[in-house]
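These protein sequence lines map, in sequence, to chains A and B.
The opening residue of the first sequence carries number 1 in this note's numbering; numbering runs sequentially from there.
The opening residue of the second sequence carries number 1 in this note's numbering; numbering runs sequentially from there.
Simulated from the structure, these hints should not be mistaken for lab results.
Model, not experiment: these values are computed from the prediction.
Restraint ranges, calculated between C-beta atoms of paired labels, are given here: (1) Thr263(A) <-> Val49(B): 26 to 36 Å; (2) Leu154(B) <-> Gly242(A): 55 to 65 Å; (3) Tyr42(A) <-> Pro20(B): 34 to 44 Å; (4) Phe61(B) <-> Trp2(A): 38 to 48 Å; (5) Ile246(A) <-> Val49(B): 49 to 59 Å; (6) Thr210(B) <-> Phe175(A): 25 to 35 Å; (7) Pro21(B) <-> Arg124(A): 36 to 46 Å.
Chain B regions said to be covered by chain A (calculated; three or more residues, Cβ under 8 Å): (8) 83–90; (9) 97–110; (10) 175–183; (11) 205–214; (12) 226–235.
The C-beta atom is built at its ideal place from N, Cα and C for all residues, glycine as well.
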Amino acid sequence: MWGFLLRRIATASLVIVGVAVVVFLVIRVLPGDGAALRAGPYASAERIEQIRNDYGLNKSLFEQFISYVSDLSHGELGISMRTGSSVTGELLERLPASLEVSFYSIVLAIVIGLPMGAIAAINRGKLIDQLVRVFAVIGSSMALFWLGILLIYLFFYKLGWAPGPVGRLSVGQAFPESKTRIVTIDAILSGQFYILSEALKYLALPVLTLGFVLSAPIIKITRIAVLNTLDMEHVRTARSIGVSSINLFWRDVFRNAAIPITTTIGIVFGYILGGNVIVEFLFSWPGVGRYAYVAIQNNDIDAIQGFVLLVGILYVIMNLVIDFVYLLIDPRVRLGSKQGE
Amino acid sequence: MLPFFLRDPLSTDVSIAFEPPSRRYLFGTDKFGRDIFSRCVSAARIDLVVGFSIAIAAMFFGVIIGLVAGASGGRIDETVMRLTDLVLAFPGFVLALVLVAVIGDSIFKVSVAVTVGFIPYFVRLIRSEVLLQRELDYVDAAKLVGNNPVRLTLVHILPNAVGSSIGQATLVAGWSINTVAGLAFLGVGIRPPTAEWGVMVAEGANDIATGFWWTSLAPGVLIVITSLAFHLIGDQLSEKTI
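Working from the sequences, and respecting the hints, build out all of it.
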């Protein structure tokens, strides 16, 4: 078990190094003049030259790589062209907002996805199975940005149930005393429950948008995984000797189905990191996705570089967490047999 | 040359701005008085072609790389697999977003950027399929009668290994239409005034606030329906071949 853990952590660190190298290559080596890109379309030749000097873009690629790595080892992702401050600081300041909306979306997707997938599998071929499959296929073909627009139109403009897409709290509402920068938690910690309820209202639409789209792969894989385990011999035997359905489901079916489902949740994490850019743009959500959007609109290359690095590193870490979850649910991994790996 | 039932997707006429859907303007007109139906139809040329091209290009390169990796094994295989891991370490949408930001906007460049993220899917699929096929008897037989490794791989293994990639390619076509439209919505890649579904949804998004819901409705529905169609076909194809 410990061997498995250590090996996974070692691989993950290597992948992070690889991610850093790939980002460097993409940003510095691909065709396109880095200095001209940073300076923008209307810059003079002198300004471009000055930027080339300031950013060390006139040095050899190797020297650039060395200073890039030494910056990274200090946790420095670069200096934003647009604001002139540290990209690391700006990203960390915005990360909690993104984590908040991502966390609730994943939870919603799992809460919708698991039961729907399981119910569909148990009722294979019946009407409810067909309905769930239609729901899942619509979810996986849905364009995130269009769904967001539809929900804003319906729930804000037409019905007035949800607040407008203006961010985490209404304009002018002070944020609760900041401990975690996650508004819902801060509100609970400081006992300001009216802020909590407002924060939840503002979370509703972005979470619904992401959660619906993310639930589709979870439904699909849960349905298939449960179908497969229902066909397994030990489940058939248990059924035939009269183990009650509920016991059977939790002990035998769900534990076996949990492994592919966990894998899919890992993939969903990756999707949410990309989807956040669209959702945060739509809902004026002050997170890292919106930061990336603004950076791209302004050709703020170092901010973009910082964002990609952050996303790559987060994704690797999330996959590591998924590996730990395997440990918890799969005895083959826990007991160190080769099969489980 | 336009078909007889279409108006010019780019011609503007402010006197007919924001016409609601009617028999004359099937999907209504937008704030510049452009006919949304005509724009949706000409956008299909871009979106469908881009979707197909990305799927075919990703499959083409993925099959070649996966075939080489699976057939040669050893160090080459190891290197290729680590490289695909690295590409997969980035969420596809973020990778495409950044690549377009660096290499610049154009329909071609955005297609290249999206293709890169999808290549590893095919590499993995083909490689595992090749490893499977290599163990089968017909491959031994083909070796025995004197096929050289290149001929063995191309003539005997490839046709048997490529089946599952076709279902995958159909799914990728659907995803890439969604991705390209999503990028266009963020103002990256394909830009206004080009008639493209993502661009049109982005342009129409602001009109919703003023009650003109139809400007973004039709292009959005088209993205979802097209993507849905590819999805259903891809699912069927994958089920059949696996």
